[in-house]
Amino acid sequence: MSEHKPIPAGGNLLVAGEKVYNTPVEVTLAVIGGKWKSLLVYHLIPESRRFSELKRLVPGITEKMLTQQLRELERDGIVSRTVYAEVPPRVEYRLTEHGLSLKPVLDSMCAWGKCHWQQQG
1 MSEHKPIPAG GNLLVAGEKV YNTPVEVTLA VIGGKWKSLL VYHLIPESRR
51 FSELKRLVPG ITEKMLTQQL RELERDGIVS RTVYAEVPPR VEYRLTEHGL
101 SLKPVLDSMC AWGKCHWQQQ G
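Going by UniProt numbering, the first residue of the sequence shown is number 1, and it counts up by one from there.
It should be emphasised that the hints constitute simulated quantities derived from the structure, not laboratory data. Don't take each hint at face value.
Label pairs and their calculated CB-CB ranges [unchecked claim]:
#	residue 1	residue 2	range
1	Leu13	Glu86	46 to 54 Å
2	Arg56	Val15	37 to 45 Å
3	Pro89	Val15	35 to 43 Å
4	Pro88	Asn22	43 to 51 Å
5	Ala85	Gln119	50 to 58 Å
6	Pro24	Thr96	26 to 34 Å
7	Glu47	Trp117	35 to 43 Å
Capping the alpha-carbon separation at 27 Å, the derived lysine-lysine pairs in DSS-like fashion look like this [stated by the list, open to error]:
#	residue 1	residue 2
8	Lys103	Lys19
9	Lys55	Lys35
10	Lys55	Lys103
11	Lys103	Lys64
Note that beta-carbon positions come from the ideal geometry of N, C-alpha and C, so glycine has one too.
Turn these sequences into a full structure, and let the hints steer you where they fit.
Have a look at this one:
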């Protein structure tokens, strides 16, 4: 996991493995940016969820994309996946402690989005 921790390089650059970032915002967007990851993290904040629940909570996401996004969030240490030895098999996703540290970020995004929506209305 240490290869994913940004280390200041010369100047203000951040280096994580072979990736170089100009700002910490780029690091954040690399982890939760895009159309789906923030939504998945948002829906995992209150409780663990099964794949089918996440698919239902995030309309428009394909199963392939949901699988890919969950794998990337797991790789980045944001989500953990638990497989239960049952018939039929049950898989649950939950935020790790590190993933839960994104709650204030998403709370701020929600507040800003609500304010922006009201100004536009």
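Hint check results:
no.	hint	verdict
1	Leu13 x Glu86: 46 to 54 Å	47 Å, holds
2	Arg56 x Val15: 37 to 45 Å	39 Å, holds
3	Pro89 x Val15: 35 to 43 Å	39 Å, holds
4	Pro88 x Asn22: 43 to 51 Å	46 Å, holds
5	Ala85 x Gln119: 50 to 58 Å	51 Å, holds
6	Pro24 x Thr96: 26 to 34 Å	20 Å, violated
7	Glu47 x Trp117: 35 to 43 Å	26 Å, violated
8	Lys103 x Lys19	25 Å, holds
9	Lys55 x Lys35	14 Å, holds
10	Lys55 x Lys103	21 Å, holds
11	Lys103 x Lys64	26 Å, holds
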